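Based on the sequences and whatever the hints tell you, model everything.
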Amino acid sequence: MKFVLLISSAPQSPATRRALRFAEALLESGHRLERVFFYQEAVHIASKLLVYPQDEPNIAQQWQAFIQQHQLDAVVCIAAALRRGVVDEGEAQRYQLQASNLAQGYALSGLGQLHEAVQQADRLVHFRGQA
Amino acid sequence: MSVSVLLISRSSPWSGLAAREALDIALSGGAFDLPMSMLWLDEGVWQLVGEQQPQQLEQKNLPAQLSALPMFGIEKLYVAQHSLEQRGLTEADLMLEVSVVDAGQIAQLIEQHQQVLSL
Amino acid sequence: MTSLHIINHLADVKTCQALIADTDAVLLCGDAVYALRQPLGLTHRLYALAEDVQARGLESFNQAKSVDYPEFVALCASYTKVVAW
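Protein chains in written order, with this note's numbering: chain B, 1 to 131; chain D, 132 to 250; chain C, 251 to 335.
Worth flagging that the hints you see were computed from the coordinates, not collected in a lab.
Hints are not guaranteed to be accurate.
[Claimed, not checked] Per the computed footprint, the stretches of chain B lying under chain D, defined by three or more beta-carbons under 8 Å from a beta-carbon of chain D, are: (1) 77-90; (2) 99-113.
[Said to hold, decoys possible] Far from chain B, by Cβ distances over 12 Å, these chain C residues were calculated: (3) Gln267; (4) Ala268; (5) Gly291; (6) Arg295; (7) Leu308.
[To be verified] Chain D is faced by these chain B residues, among others (derived, beta-carbon under 8 Å): (8) Tyr39; (9) Gln40; (10) Val118; (11) Gln119; (12) Leu124; (13) His126.
Just so it is clear, the structure is predicted and the values come from calculations on it, not from any experiment.
All residues carry an ideal CB built from backbone N, CA and C; glycine is no exception.
So this is what it looks like as structure tokens:
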């Protein structure tokens with residue numbers, strides 16, 4: 001089956017780790033993961049500036065490694081990202097920002113990508129944090 | 132045939148970005164001509180209450196944008212009756228023409244739409 | 251069309267009950283599993299994410315069928331759609 005994941009929980013939310021474990025199990029079960037769309041607070045997981053204490057699981061790094069290992073289509077909502085200070089080089093230049101921080105493997109794009117994924121998926125699973 | 136989507140908005144208008152980011156999904160869906168319906172539930176019903184002055188908080192006019200939903204082709208607008216009642220609100224308090232739905236009707240809306248998103 | 255409802259927050263367990271069709275199923279995740287401590291009286295098929303139940307020491311409250319991640323995936327596949335609260 002073609003799955004699409006929508007993640008809107010912050011990096012430190014248990015839902016973000018839960019989404020990753022779900023995604024891993026999904027691929028192991030032989031399903032396809034068509035797109036992972038990061039919205040609201042979840043855009044922060046795509047920042048390369050997250051630092052985790054040494055004795056804690058680095059969920060950001062795990063997500064990035066997972067995306068790259070399986071060459072997943074990991075889309076970060078550009079409007080949500082810009083508001084929250086997650087930018088790629090293009091946006092950093094456009095807005096004359098001092099730096100960019102989008103980690104490798106992620107792409108900034110619009111809500112059209114979410115709608116397209118919702119329209120084409122067999123299953124859409126949304127991982128969300130505190131209301 | 133397009134997949135029908137029910138978007139449930141549960142956050143109050145001026146407590147952060149959730150209400151705005153739910154509306155963004157609705158408006159962009161409408162712009163793509165997708166069959167979207169919207170349901171306001173729990174604290175989300177506050178978005179619909181009349182006479183708001185967002186400029187007091189230096190915020191953009193969310194209520195005005197909600198009024199624009201039909202212009203984007205999103206005309207199936209619902210509000211949860213129990214959420215209104217719990218907050219001492221009635222249909223008369225709302226600034227948008229929406230259908231008030233009870234729990235059973237909400238269950239039906241969820242059943243009828245092919246995807247449901249809750250923000 | 252039957253749906254799997256994923257409930258993440260304790261408060262939602264009560265509030266969502268009436269909004270979910272009788273033939274749908276519910277999967278409790280995160281703090282929502284604390285609801286298992288009291289009789290839920292739900293008519294729906296009830297599941298709970300095993301790691302969340304175990305982390306909170308709730309194994310003795312067995313109103314729900316505990317599922318691991320592969321079973322979580324299988325549940326999503328077996329219901330027509332998945333609704334997250």
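Verification of the hints:
1. 77-90: With 3 residues close enough to chain D, the hint holds.
2. 99-113: holds (count 3)
3. Gln267: holds (17 Å)
4. Ala268: Answer for C:Ala268: holds, closest chain B Cβ roughly 18 Å.
5. Gly291: holds (24 Å)
6. Arg295: holds (18 Å)
7. Leu308: Label holds. Min Cβ-Cβ 15 Å, cutoff 12 Å.
8. Tyr39: holds (7 Å)
9. Gln40: Holds, about 6 Å.
10. Val118: holds (6 Å)
11. Gln119: holds (5 Å)
12. Leu124: For B:Leu124, the interface hint holds, since the closest Cβ of chain D sits about 5 Å away, which is under 8 Å.
13. His126: The hint holds - B:His126 has a Cβ within 8 Å of chain D, the shortest such distance being about 6 Å.
This entry satisfies every hint, going by the numbered hints stated previously.
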